[in-house]
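**Student:** Protein chains in written order, with my numbering: chain A, 1 to 358; chain B, 1 to 358.
Keep in mind that the hints are not guaranteed to be accurate.
Identical copies go unnamed one by one, so any copy, or any two together, can satisfy a pair.
[As the list claims (entries may be wrong)] Here are the simulated EDC-like pairs of lysine to aspartate or glutamate, each with C-alpha atoms no more than 16 angstroms apart in a straight line:
1. Lys-62 x Asp-81
2. Lys-147 x Glu-127
3. Lys-83 x Glu-127
4. Lys-278 x Glu-306
5. Lys-336 x Asp-210
6. Lys-357 x Glu-169
Derived from the structure by calculation, the hints contain no laboratory data.
Predicted model, so just to flag it, every value in this text is computed and none were measured.
2 protein chains.
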Amino acid sequence: MWENSLSRLLKINYPIIQAPMAGGPTTTELVAAVSTEGGLGMIGAGYLSPDQLRSQIQEIHKLTDKPFGINLFVPKPYTADGKTLRLAGDLLKPIREELQVGEDLLVLPTFEQDVKTFEEQLKIIIEEQISICSFTFGIPSPQVVTKLKENSIVVIGTATTVEEAILNEKAGMDAVVVQGAEAGGHRGTFYGHEDRGLIGLMSLIPQVFDVLDIPLIAAGGIMDGRGIMAAKCLGAIGVQMGTAFLVCKESGANALHKEAIMEATEDQVVLTRAFSGKMARGLNNGFIEIMSQKEEELPDYPLQNELTKAIRKNAAAKGSTEYMSLWSGQSPRLAKKLTVRQLMNKIILEAETLHSKL
Amino acid sequence: MWENSLSRLLKINYPIIQAPMAGGPTTTELVAAVSTEGGLGMIGAGYLSPDQLRSQIQEIHKLTDKPFGINLFVPKPYTADGKTLRLAGDLLKPIREELQVGEDLLVLPTFEQDVKTFEEQLKIIIEEQISICSFTFGIPSPQVVTKLKENSIVVIGTATTVEEAILNEKAGMDAVVVQGAEAGGHRGTFYGHEDRGLIGLMSLIPQVFDVLDIPLIAAGGIMDGRGIMAAKCLGAIGVQMGTAFLVCKESGANALHKEAIMEATEDQVVLTRAFSGKMARGLNNGFIEIMSQKEEELPDYPLQNELTKAIRKNAAAKGSTEYMSLWSGQSPRLAKKLTVRQLMNKIILEAETLHSKL
């Protein structure tokens, strides 16, 4: 029941992809373990410098000879407006004082730097002969897509609406990750307002399936064999799971972040722009509450992300979950503290048992 | 594959429930046709006077000898605050002028009247020997539940969170409709803030299933055999479908409402409090846009609902979809203009084909 066009395309046993959670969770151990178990491990390389990326790729190669993938953030222009930056600064000031975090140096990122980093990351992916590359927050240029395909790299896009899925197919993507409203972490919406893409998988998968020719990978709230089989019924031939792998032993997420998910209920998971300036889903906490009053006026991603970086880092070091970003999908009650091997064995068995019982 | 504890409980062939869409769609013809085809037709009686309810029950009995159900709104206290009412009046004034709708008489509803109507509706359900009664916007009192059960009436609750599902089970409900964030029309959330209940079915069904003993019915975005099978994989043993039946020939929804859904895309479906003071999902239009600036300050349900009644009625008569409430779930692209018989045959065949292919 597991072999299909996606598993053949990616050369994996089970079309189960570990979501490329940028910012810590996708350690070398996590990525290697998922691939070793027959799924697809992915490095969330969005925040990695080119050197860090190359080094992690080489480390993973030492642990597994199975394919794994890299996810990159597609750079998007943005502007730093003084008034908006001051507003964010004023809101963050009391939190900085409470945590005793000094003023950030405020060397703000620029679009030009982001583009340069993106190009260097792509160069490394080609040089290191990575076989799978996925993209979030947009679609790379035709030149980039052509270059990757010339190097036999499978390219995968991300969509949160039918229109975004079509744009990915037209751009030559080999497959598309369809991110439902349930998904934890950043929304991948790139075409139109962020609110447009908040569609539950029960609605989104079949509507995308009906207009798409390339394989569809479902992401959002899927944590076990039930979700895998449900996604299959709706038209997906693979799944991408974030939160389920985030709480695994091998994940690099902060231990308090993992604990918070294990104790959370589904109604505590909210959407917020507070941490990064881009809509993302995670557990509600003090930081989100404080920022919610001016949430729509905060600077765009990645500016707000830079402005809150020192606070998040300090809060994590101090164990103050009230000021950390506790990304999670809408299914925290389904989270299990397992090793990757235990999790993969569990969900594969669940799906096979459900399959035989239907 | 269709017989299970829910189909036996409700005495129907297929555990497919036509959602009790109050305010027009659930005509005698629609309810009777769904039950005749082996599903469960439901009268959305929330806005019906006791006389209207009795009369419709008797009309349906003439068309079918199969069981059908009634859905009631559980009354909830509310207060009319002068400032809030004036704010709503000011916002509605230009729309009244454009449509040439006179000022409403403003005989506002009261909680006491709502309770009286609810009690009369319950009396009729018992007198007319209805076998199934479901509830939205709350859980009826223990006295009501006991009385209905003494009269061999199956009682079904509505939940949008795990906690609400547990409250329904504790109250003695025989089954619970789990309404995902995808669902069209009013949100059933009754415990805590409306935002709490916006959980996609991919997340909500398994999390409810794991803590519930009574049968679980999935509602939200399900339009065809794929959705039915997916809901089953996740743990539901029945589905409740609204939008799919709303566009059927027998439905009493305005023809322009049906057309609007047939032409809509999934990203045009939004959440709004503008029409009724309670969060509901429908197609975006001018009315929602105008009211969105002050949406959080509008009077609570049912006050705002009364204040907008004349506008909605007039807009419907004039064919002005910009000022009508165009309720829809998040799957409008899956809508088909069919008779109930055609729809039921189609989805049953789809589910059976998918089942045999898995």
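**Student:** Against each hint, give a clear statement of whether it holds in the structure.
**Tutor:** Each hint tested on the structure:
For a Cα distance limit of 16 angstroms, the shortest separation of Lys-62 from Asp-81 qualifies neither inside one copy, at 45 angstroms, nor across copies, at 69 angstroms. When the C-alpha separation of Lys-147 and Glu-127 is checked against a cutoff of 16 angstroms, the pair qualifies only within one copy, where the shortest distance is 12 angstroms, while the shortest distance between copies is 74 angstroms. In this assembly of identical chains, the alpha carbons of Lys-83 and Glu-127 never lie at most 16 angstroms apart, being 43 angstroms within a copy and 67 angstroms across copies at closest. In this homomeric assembly, Lys-278 and Glu-306 come within 16 angstroms of each other (Cα to Cα) only inside a single copy, at 12 angstroms, whereas the closest approach across copies is 38 angstroms.
Only between protomers do Lys-336 and Asp-210 lie at most 16 angstroms apart by alpha-carbon distance; the minimum there is 14 angstroms, versus 34 angstroms within a single protomer. When the C-alpha separation of Lys-357 and Glu-169 is checked against a cutoff of 16 angstroms, the pair qualifies neither within a copy, at 35 angstroms, nor between copies, at 27 angstroms.
In summary, the structure is inconsistent with hints 1, 3, 6 from the numbered list given earlier, while agreeing with the others.
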